[in-house]
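Enquirer: Single-letter residue listing:
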Amino acid sequence: MNDLSLTDVAATPYETPLLRVSGLCKNFGAVVACRNVSFALWPGEVLGVVGESGSGKTTLLNCVSARLQPDAGRIEFQLRDGRVAELFEMSEPARRMLMRTDWGIVHQNPRDGLRLGVSAGANVGERLMAVGARHYGEIRGNAADWLRKVEIEVARIDDPPRTFSGGMQQRLQIARNLVSRPRLVLMDEPTGGLDVSVQARLLDLLRGLCSELGLAAIVVTHDLGVARLLAHRLTVMRRGEIVESGLTDQVLDDPQHPYTQLLVASILQ
Amino acid sequence: MSEGEEQTAGGYNFAYLDEQTKRMIRRAILKAVAIPGYQVPFASREMPLPFGWGTGGIQVTASIIGPNDRLKVIDQGADDTTNAVSIRQFFAKTAGVATTDRTSHASIVQTRHRIPETPLREDQIIVYQVPIPEPMRWLEQREAETRRMHALADYGPMYVRLYEDIAQFGRVTTAYDYPVMVNGRYLMRPSPIPKFDNPKMNMSAALQLFGAGREKRIYAVPPYTSVKSLDFTDHPFTIERWDNSCAICGANDSFLDEVITDDRGSRLFVCSDTDYCRQRRAVKAAE
Amino acid sequence: MYVAVKGGERAIAAAHQLLAEARRGKTEVPELTLAQIEEQLALAVDRVMTEGSVYDRELAARAIKQARGDLIEAIFLLRAYRTTLPRLAVSLPIDTGAASLKRRISATFKDLPGGQLLGPTFDYTHRLIDFGLTADGGSVTPSPPSAPEPSEAMPRVSGLLGEEGLIEPNPAGEAEPGDLTREPLEFPADRALRLQNLARGDEGFLLALGYSTQRGYARNHPFAGEIRIGEVEVEIMPAELGFPVVIGEITVSECEMVNQFKGSATAPPQFTRGYGLAFGECERKAIAMALVDRALRAKELGEEVIAPAQDQEFVLSQSDNVEASGFVQHLKLPHYVDFQAELNLIRRLRTRATEADAAE
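Protein chains in written order, with our numbering: chain A, 1 to 269; chain B, 1 to 287; chain C, 1 to 360.
Calculated directly from the structure, the hints in this document are not laboratory data. One thing to keep in mind: the hints can contain errors.
Footprint (simulated), chain B over chain A, 3 or more residues, beta carbon under 8 angstroms [unchecked claim]:
#1 86–96
#2 111–125
Distance ranges between label pairs, derived from CB positions [claimed, not checked]:
#3 C:Leu301 - B:Arg148: 22 to 30 angstroms
#4 B:Lys228 - C:Arg352: 22 to 30 angstroms
#5 B:Ser266 - A:Val131: 49 to 57 angstroms
#6 A:Glu138 - B:Lys228: 16 to 24 angstroms
#7 C:Phe122 - B:Ile132: 36 to 44 angstroms
#8 C:Arg24 - B:Thr261: 34 to 42 angstroms
#9 C:Pro188 - A:Arg67: 17 to 25 angstroms
#10 B:Arg241 - C:Arg24: 48 to 56 angstroms
#11 A:Ser180 - B:Ile239: 30 to 38 angstroms
#12 A:Arg201 - C:Ile346: 42 to 50 angstroms
#13 B:Lys228 - C:Glu240: 52 to 60 angstroms
Which chain C residues stay away from chain B? Per the calculated CB distances, all over 10 angstroms, these [stated by the list, open to error]:
#14 Arg24
#15 Glu38
#16 Arg68
#17 Asp70
#18 Asp111
#19 Pro171
#20 Gly173
#21 Asp190
#22 Ala224
#23 Glu233
#24 Leu241
#25 Phe261
By construction, the Cβ of each residue, glycine as well, lies at the ideal position given by its N, Cα and C atoms.
Same shape as in the complex, but just chain A (with noise of 0.2 angstroms):
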């Protein structure tokens, strides 16, 4: 990819975050949506982003998978090659394949991250076939075995995601985002809708992938139960800033903030 803006190159992977974002501002009209957002985010670590609806979680993190265009502030994102590029530097083809490829979104409503009327086999295969991948009986093993890994049953890789249950077609998305192995996932309530036994076996699932593939995410959620399961670090967002960040247990067994006292408390123990 000739036609990335680049800064700096890494001397090693690690010395540099995955992602970094930098005084992000997002205005709608005279709404402060995101003010002044910073954190860095690196390979492997899940990162929650907790708040009330209205804390400018969402606009965050749609910014971050470049959805929106942000006012101010950068986005750079270290490339398999160890190069880093911000965001809306790149070309809208480079930002489109990393898209495609490198990252992944799990959408709250699993309709907004999936082809309804397109079979399960053929979703999931979807990112491989766009990146050149031509052989049917191997692209449906691949969607085959990712549905095995999402605990779907084989069988179904023939049925419209329209035909599964709320939990199943959440399942699916996950399947139809990980098949590129992409290094970073941005999940949007990613259990939201769905029966709490549902919720927690789609939380175990998500564990589990987070560790054995190694991947980094951001997870934005309104709800601290899914985030002290998911989460190594947490980030509490208010009225579009971050009021508090740190260890998931620590934010959430020790708040400094009032706000965060108040959200911690306010949650049925």
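With chain A held as given, fit chains B and C onto it using these hints.
Expert: What follows is chains B and C alone, placed relative to chain A:
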């Protein structure tokens, strides 16, 4: 066919279009030839024949035809289907060019829905009439988005469709207008020719031009360019075969039309390419 | 022995013959004259000129006669003729403010400078078929009402609102608008190109889309700010002369809609605009066009696109009835080769299906 007359119909320019328009179209054609398979937008004109009835092909032909050309026009492979007749008469009237129904005698062949069985030569040009130029139109209605997909060679969704067909039917169920990859770069629609004809486009000695009047696009495949029908390596592209041969000339390698001959449903199969059939019959008769 | 079907040329010639006979109808009936069409079917002529994109009443009358009264067919004739016309010059923008008006109404004010001038409108007629009027020879030439010459100026309603800052200024366009008939349309299209497309678009299509916005598919609270019908001068400015020269006069119908107001963090609310323009007295067209114009401005006005009338690609790609008619009717052309390919395929699939069933 008709002898070419040198006069043009009451006051119109040669081949109807004014020279500025022809120049504009030729520029679009040159760009198309330089980027095989890429759809070049052009300012299509209203023609005296309706949009959807070959105006794109007509504008392309009108822009390249000269007084010494010999034009063949076919529809469904036949020269005397009504629309082919209408278009041929249009050029006879506005350009006074010689016309023919012999593929081997034509310098320009304008066609709807078939490629002639007789292989084309380097000194020939084939002009296809195209209804819908965009191969991904049924996957993505938006023109702005499909243009981006072509620019980024983002053809994954097309393969998803093929995958689905194979998963559901065991084979790809596109029988005509079968999408192709041109020169290894651009995904293209060959126009509603049966997939039977797709192999003829690959490394053709003739220049292939495609005109979509209503959708306002021109594209091209230069001579000796690779044109590959989309497939999977383990489900390769295949063409149709018939169990019958042509009832008139005996050919078993041409596209056959099915004709119902009586009210009890009796059927006959005959060559769709009327010129090819006639030539074969003439050869057989001479033997 | 089967002989291939021949005779396409003779069939076409015969069809043209039949068409000529049908066009003429019974020879005892007097032939329609062009003047009759121009004078007494004036609104048909106006529509054909507007959608045919050529202002020439006699030509439009010819087209209507040749097309046996089928207006879309007549529009097609005019467009095809237009293709052959060389572009001699580009006129200066017409000034509808300086039009000599035969009709001018506003729904936004009860009374306004210049008054409500009704003109020759169907609006207040009772739609009862008048057998006397419509009998042959029944048209009594009425004496036109004696109205005083309108001495008062007729300032634009949008200007009056604009003086108070109540309506957005006319959105700035490109200095040189593109020409839809010379360059293919690309998306997203700017407002000038959109308006060109709508002006020559099918009245029925625009009527339905405009109607849809009123029924809630992206409602934009329209008010008919002003409707004007009148004659304007067409001027060109030849380079050699350096001053404008009037080359003729045309009648146009113009509609300025006053729509849903918008404000922002920095600006106080103002009404927004929609605009429609057509040749002749095509008032309904101008009104529908203004509704659709406003709907298509959704993106620029920060509105969510939720309905077809706001969807540029949907509206602009399908508004042209010459294109639509051609493609819809092209289904009449032979498709037996592609159908044959489908037959082969479906038979193959059915064989496979029945074999699979038999195997079970």
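Enquirer: Starting from the range 30 to 38 angstroms, see whether the pair A:Ser180 and B:Ile239 falls in it by beta-carbon distance.
Expert: 34 angstroms, holds
Enquirer: Should the hint that B:Lys228 and C:Arg352 are 22 to 30 angstroms apart at their CB atoms be regarded as holding?
Expert: At 26 angstroms between Cβs, range holds.
Enquirer: Are all beta-carbon distances from C:Asp190 to chain B longer than 10 angstroms?
Expert: 14 angstroms, holds
Enquirer: Does the claim that C:Glu38 lies outside the interface with chain B hold up, using a Cβ gap greater than 10 angstroms?
Expert: C:Glu38 clear of chain B: closest Cβ-Cβ about 23 angstroms, beyond 10 angstroms.
Enquirer: Assuming the hint says 22 to 30 angstroms, is it satisfied by the Cβ distance from C:Leu301 to B:Arg148 or not?
Expert: Since the Cβ atoms of C:Leu301 and B:Arg148 sit about 25 angstroms apart, the hinted range of 22 to 30 angstroms holds.
Enquirer: Take a look at whether the Cβ-Cβ distance between C:Pro188 and A:Arg67 falls inside 17 to 25 angstroms.
Expert: Once the Cβ atoms are compared, 19 angstroms apart, the range 17 to 25 angstroms for A:Arg67 and C:Pro188 holds.
Enquirer: Evaluate the condition: distance from the CB of C:Asp70 to the nearest CB of chain B exceeds 10 angstroms.
Expert: C:Asp70 is indeed farther than 10 angstroms from all Cβ atoms of chain B, at 13 angstroms.
Enquirer: Just to make sure I understand the rule, a stretch counts as covered if three or more of its residues have a C-beta closer than 8 angstroms to a C-beta of the chain. Does the segment 111–125 of chain A meet that for chain B?
Expert: It holds, with 6 qualifying residues against the three required.
Enquirer: Non-interface claim for C:Ala224: all C-beta distances to chain B beyond 10 angstroms?
Expert: Label holds. Min Cβ-Cβ 33 angstroms, cutoff 10 angstroms.
Enquirer: If we take the beta carbon of C:Arg68, is the closest beta carbon in chain B still more than 10 angstroms away?
Expert: Non-interface label stands for C:Arg68: nearest chain B Cβ at 16 angstroms, farther than 10 angstroms.
Enquirer: Should the hint that B:Arg241 and C:Arg24 are 48 to 56 angstroms apart at their CB atoms be regarded as holding?
Expert: This hint holds: roughly 53 angstroms between Cβ atoms.
Enquirer: Is the gap between the beta carbons of B:Lys228 and C:Glu240 within 52 to 60 angstroms?
Expert: 58 angstroms, holds
Hint compliance for this structure: every hint is met.
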